[in-house]
Each structure stands twice: as structure tokens, then as C-alpha cells.
Amino acid sequence: MQLVFEVCDVKGVNSAVSARKMFDGTGGVIGRGAGCDWMIADSSRLLSSHHGLVAYREGRYFLTDISTNGIGVSGSAERLHKGQARLIGDGEVFELGPFAIRARLITPVRSADTPYDVGSGAIPDDAFLTLDPIQALDLEHRQQTRSQELAALEEAAEEPGSWPDNRVVSRDHLTIPRRAEPVRETLSKPCVMVPTDTNAFGEQFAAALGIRLETLDRASQEALAIKVARLLRVGVEGLQQSLYTCEELKHELGLGFVGPLQKSRNPLSACVDTDAALATLLGPADAHHLPAEQAITQAHRALQAHQVALLAASRSALRNTRNAFAPGHLLMCFASRGKRPRFATDGGHWRAYQRHYQHWIEDEQWSSGDFAKAYEEQLRLISTLHADY
Numbered sequence: 005m006q007l008v009f010e011v012c013d014v015k016g017v018n019s020a021v022s023a024r025k026m027f028d029g030t031g032g033v034i035g036r037g038a039g040c041d042w043m044i045a046d047s048s049r050l051l052s053s054h055h056g057l058v059a060y061r062e063g064r065y066f067l068t069d070i071s072t073n074g075i076g077v078s079g080s081a082e083r084l085h086k087g088q089a090r091l092i093g094d095g096e097v098f099e100l101g102p103f104a105i106r107a108r109l110i111t112p113v114r115s116a117d118t119p120y121d122v123g124s125g126a127i128p129d130d131a132f133l134t135l136d137p138i139q140a141l142d143l144e145h146r147q148q149t150r151s152q153e154l155a156a157l158e159e160a161a162e163e164p165g166s167w168p169d170n171r172v173v174s175r176d177h178l179t180i181p182r183r184a185e186p187v188r189e190t191l192s193k194p195c196v197m198v199p200t201d202t203n204a205f206g207e208q209f210a211a212a213l214g215i216r217l218e219t220l221d222r223a224s225q226e227a228l229a230i231k232v233a234r235l236l237r238v239g240v241e242g243l244q245q246s247l248y249t250c251e252e253l254k255h256e257l258g259l260g261f262v263g264p265l266q267k268s269r270n271p272l273s274a275c276v277d278t279d280a281a282l283a284t285l286l287g288p289a290d291a292h293h294l295p296a297e298q299a300i301t302q303a304h305r306a307l308q309a310h311q312v313a314l315l316a317a318s319r320s321a322l323r324n325t326r327n328a329f330a331p332g333h334l335l336m337c338f339a340s341r342g343k344r345p346r347f348a349t350d351g352g353h354w355r356a357y358q359r360h361y362q363h364w365i366e367d368e369q370w371s372s373g374d375f376a377k378a379y380e381e382q383l384r385l386i387s388t389l390h391a392d393y
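Following the numbering used here, the residues of the sequence shown are numbered contiguously, the last one being 393.
The set of hints was computed from the structure by calculation and includes no laboratory data. Since the model is a prediction, treat every value here as computed from it, not as a measurement. Heads up, some of the hints might be wrong.
To be verified - Heads up, simulated DSS-like pairs for lysine-lysine below, C-alpha to C-alpha not over 30 Å straight-line:
| no. | residue 1 | residue 2 |
| --- | --- | --- |
| 1 | K86 | K254 |
| 2 | K86 | K25 |
| 3 | K86 | K231 |
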């Protein structure tokens, strides 16, 4: 069986480019490199130096992607898996860089009525294994001792074009071998995706993004999908970093409140890196982790709740600090501690204020306790609003 590749279309290159390559029971490498079996010039350099590998096994041809840009199948969304051989079907068109290459399979057909050429002397090796050597010697002796009259009669009876050799295969009572008729293999063509499936995927993809993609072609949609995947990775990585910073800040402030993010085993906080988090979010459902949508929503709500609770705790701490140094509160503190100045002078008040300030600084646990209490109360209040996650 022979495989013929023909360049049938070129995108963005000179349309006059036309080339073909025949593989006759052998394989080879396709690319723009000098060492390829089929070298195709490509000024755009979209075709790799070694783009595709053709292999021939058991009467069939296979194509393997060894490039950096990949190989697609025209008319469908199928793309060859890199390093994995794919069966080549008759009439299929493969996209290699800017080139569209059509594959044709040619099977040489031999007619079953074609006689085997025995005049060439090609007799099978086992043709004489069943002959009796004594009988062969007797037959040869009889042929040599026949009279000329009998020989003349036999020559007259022979038809034109018969074999002149008296020891040909047909007179040794051997069955003339014939070539077996080649068996034609019906190559099953791969399933080609109908355009409606591609359109349905594009519509669902656009609906999930909330944008319109009718004006984009297939290449633009694929580029958009790759961009969305990159943005997803950046978003997950940034969200993980924000959660880590939030936990470090809570530890620094001595805030030990355990929120729903720690109780629910959120992948964004439980996984050690972005790769593991993406694998868990995009992988199959796991009973030990939240679904992807709930995990991302819960992480955003946890960060929002932390910001609101931090603001409420800061306001409470500022308000308590301002009240602690109010003039009326200071006089009450002086009186309760028995340190009321003997003379109501500014100097006496100043020394009493210094003692009060030193006592307030030493009682740091009191001020930090008020901050943590206000923070935890605000978090509990917010968590009741989002009881679904």
C-alpha cells in the first residue's frame, strides 16, 4: 500500500506552493528541516523543523505529532495527541502549520485471473519434496528412448506458444502455484465532529463567560480559551496568596477565631500550591473538599468578612482608647486609685496622667482583648448571613 501526501491549501503563504510526497511501505519525517524525508519550505516558520512522523506497520500508515505547534484534522476540532500515533485514513486532510495536507491511500490490485509466470523458472522450494527420484529417472529414460515418429507426432499436436522444455513444471504433475489475491482492508474513517457540536460548545463557552463570540472565528475562540485558562491560574494564585496573608495577619493580631473557611476544607486554603489547587478544583468531585464554585465564593466572602471585621475592631479600639484618655474618665481613675493630687494644679494632674498612662500601657492584654472581641463578634455576625457556604 502506498501513501501520497499532497499540499492542497496554504494559509498566509504563497498560494502557488504545491508539493507531494509518496511513501511506499516506509515511513519518514515531515518538516522544514534539511534532514527531513519530506522537506517543505515555510517562510512563516509555523511549520516546525521536525513536525510530523509517518510510520508504516502491518500494512497501515500512522501519523505522530512531534512538533511544537501541533497537528489538526481539517473539518473537525480533533487535534493529534503529541507523541501518540494516529491511523491515517484515505482522503483525510491534516493541518501542519499553515499547510493543509491531504492523504491518499493507493492499494495495488492484482487480478485473480492473471496466470502465474512459470516460464521464469521460479518454482517453490518444496515443489520436489514429494517426487520419487526413481520414478523421475525412469521418466527421463523413457523420454530419451522414444522414437522420432512419436516425437514428430507430439510436436505436430502441440499448440503454438507451448513450452519447448520437456521437463517443465506442468509435465512433472505439479500444481502451478498462484499468487494469493491481496485482501483489501477497509480502513474505518475516524469520527468527524459535526459543526453543530462546535457551535454548541462555543455557545456554552460564551454563556459561561457572559460575552458574545459570534464574531470570532475558530482560531480566535481557541486563543480566547487559552487566555481564560491563564487568567484562571492567575486568579487562583492571587486568591491563595490573599488567604495566606489574611491568616498571617490574624495570627499576628492574636485573632484565634476559626471561620467556615477552615472548617470546610476549602482547596484554596488546604492545598500547598497553585497546581494542587487547580487539580482539585477542576478534577472530579471529592467528598473531602468543596466544589470549585463554592470554594471560590467562600474564599472571597472570607476575605470580605475579614476586611469588615478588621474595620469594626479598629473603630472599637480607637473608641476605647479615646474614652480611656477622656478628662472625666481620667479624674474618675485618679479618685478610684487614691492618687488624687493634693493640689489641683496642672503639674499634679500631669504626674497623675503619667501614672495612668503607664498603667494602661502595662495592661496591653486589656486593649488587645477588646480588639479581638470586636473582631470575632463582627465575624460571627457576618457568618450568619452566609450560612449556605
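Which of the listed hints are not met by the structure? 1
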